[in-house]
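Student: Build the full structure now, drawing on both the sequences and the hints.
Chains A and B supply the protein sequences, listed in that same order.
Going left to right, the first sequence walks through residues 1 to 252 as my numbering numbers them.
Going left to right, the second sequence walks through residues 1 to 316 as my numbering numbers them.
Because the hints were derived from the structure by calculation, they are not lab data.
Please read these numbers as outputs of a predicted model, since none were measured by experiment.
Ideal Cβ positions, reconstructed from N, Cα and C, are used throughout, including at glycine.
One or more of the hints may lead you astray.
[Said to hold, decoys possible] No farther apart than 35 Å at their CA atoms in a straight line, the calculated lysine-lysine pairs in the DSBU-like style are these:
no., chain 1, residue 1, chain 2, residue 2
1, A, K62, B, K99
2, A, K143, B, K43
3, B, K99, A, K143
[Claimed, not checked] Covered stretches of chain A, going by a simulated chain B footprint (3 or more residues, C-beta under 8 Å):
no., region
4, 19-32
5, 56-65
6, 100-111
Spelled out, the chains give:
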Amino acid sequence: MNQLCKNTVPLLRVRDLTVSYHRVPAIHHLTFELEAGHCVGLFGPNGAGKSTLLKSISGLLKPETGSILIGGRELAGSSNLIAYLPQREAVDWDFPVTVEGMVEMGRYHHVGLLGSFSRNDHRAVREALELFNLTPFSRRQIKELSGGQQQRAFLARAWAQQADIYILDEPFAGLDRTSAEALSSALKVLVGLGKLLMVSHHNLAEGELLFDTAILLNGELIACGKTSEVLSPLNLECAYGTAVYSGNRHLS
Amino acid sequence: MTAASILSDLITPFGYSFMQRALLSCALIGFTNGFLGTFIVLKRQALLADALSHSLLPGLAIAAMIVGLSPGGLLLGGLLAAMLVALGGQLMARNSRLKDETAVASLYIIAFALGIVLIRFSKVKIDLTHFLFGNILGVGNGDLWIAYSAAFLTLSGLVLFHRPLLLVLFDSAVARASGIRVGWLETGLLTLTVLGLVASLQAVGVLLSLGLMILPAATAYLLTDSFTRMLWGGAFLGMFSAVGGLFLSFYANIPSGPCIVLLLGILLAGAYMFSPRYGIVSRLLLGRHFHEGSLQRWKGHEEHHHQVPEVDGENR
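Tutor: Written as C-alpha cells, this is what we have:
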C-alpha cells in the first residue's frame, strides 16, 4: 500500500507520523520519503489531514508518534531550512511593509537581533526579488500586488531565508488562471534549483500538470509516488470513497 | 501684547518644579507609549489593552490599602492585577466554551467593579477621580522614576527584539515555524503594555491611558507604509501631543488627560480625512481610476481592440 518514493539520501523522511487534536488523530502512521528537486502535490478529501501534515512538517504541531527527518537529522521543533508559506487569508495585507521589506524578513535569521544587513544579505534580497520577477514592484506595499504576485513575494522571502523545503497550504485557492500560471512557473523555477516543494491542492484534474510527485492522503497514507500512478482510479476510490479508508474518526 | 510678553507667558509655568516634572513625565510617557502603540495596533490588541487598563484598578486599590500611595506599590499592584486578568482570561478561554475576548471582557469588568469597592477601604484617603482621570500636576519624584524605568525597559526591549517581534506581528504561524519563541515574545509585549499603562496613570488616569498608547500609532498607521516610520512617527506624535496637551490644559484650565487625548484625537481625525494615501477625502479627490498603470493599459486596450490587456503585470 505505502509505495515509497525511490531515493538514496532523502531530503525529507517521515516515519510513522501520527498527529492528534485533543487525542483524536487527524493523520496516523504516515511513512514516506521525498527527495530534493520535486514538486509534491498533496491531495485528499476535506479533513484528510493535509494541513495537519504540512503544519507538523513545519514544526507547528507536535507529533504524537513518529519522527520527521530533514537530511537525515531529527527535526527539533522548527527549522529555518523549512519555509512555511501562510494561507492567503491568514495574512494582514494592510501591514505596513513593502515587498522588499517582506523579503528582507527572510534574512532576519541570518542577520541576528541588531546586526545590520551585510552586502551579502542585500544581494540575497535582490536576487530573490529578481528570481520571482518582483523587482519592479519592490517598493510597493504588499496589498498593491495581484494575488499571484503576493504568492511570489512569499516565495521570494522563503528563498532569501535559504530554505530547502517549501511548504505551501492551498496556494492556488482564489487565484485566477493567469496568476495561477505565474505561480506554477515560479514553483517550477524552484524545483529546477533543487528545492523540495510540498503543496496541498484540491483540484485533481490539474494534478499531473502541476506536480511530478503526489501524496494521496485520507487520515492515513493512501499512496506516494509519481503523480500519474498515485492519482489512479483505484487510489482515488480509496481516498474519496467512504467505505474502506475512512479512518478512525468515522468509526464511532 | 509684545513678543517678549508672550514668551514670558510661555516660560512662566516652568518656573514651578511641579510643572517641570509634569512636562518631563508627559514627554517620556508620550514617547514610550507611542512607540509601544505600533506593536499593539499591529497585533490588533487595542481592545485587550483597554481591558487591561481597567483591570489595574483593584491592584491599585489593594496596594493603597497595604502600603498607601507609594508609586512603587501602586506599580506592583497594578501590574499584578492586569497580568492576572490577562492570563486568567487565556486560562478561562482554554478551559471552557468561552472565547478569549468574552473571558477577558468578563474578568476586567469584574475587576474594575471590585476596584471601585476596594478603594473605599483604603488606608489613605484617595480621590477616585485621580485614579480614573489622572493628576499630572501631582507627579512626584517617585512617579518620575517609574516613568524613567518604564521608558528604559520598554524602549530597550522593543528595539532589541524588533525583528522577531515584527515577524510575529506579521504572521505568528510563520514566525513559529521559523523557530521564534512566539509565546515568550507575546507575554513580554503584554507585560510592557501593562507597564506602559501603569506609567501613564498619573498623566491621564486609568480610563484614558489607552489613548496615549493607541492614538499616536493609529495616526501613524494611516500615514505610512513603513514599519520603521510608523514606530518612530507614533513615538514622536505621542510625545509632542502629550506635551502640547499639557500646555493646553494649563492655559485653558482643563484637566490634562482629556486635553492630551483630544489633541491626539484631532490628529487621528486629520489623518483619517487627509492622509495622502489612505485619507477618505484624499481618496475621493483622486478620482475613480486610482492606478495610472491600469488606466494607461485600458486606454491602449480601447485603441487596439484585439489586444487583450496583460493581467498579471500592474493591476491591483
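Student: Each of the hints needs a verdict: does it hold here or not?
Tutor: Structure-based check of all given hints:
1. K62(A) - K99(B): holds, 24 Å
2. K143(A) - K43(B): holds, 18 Å
3. K99(B) - K143(A): Judged against 35 Å, a Cα distance of about 30 Å means the pair holds.
4. 19-32: Violated: only 0 residues of the region 19-32 of chain A have a Cβ under 8 Å from chain B.
5. 56-65: Coverage by chain B holds here, the residue count being 3 at a Cβ distance below 8 Å.
6. 100-111: With 6 residues closer than 8 Å to chain B, the region 100-111 of chain A meets the three-residue bar; holds.
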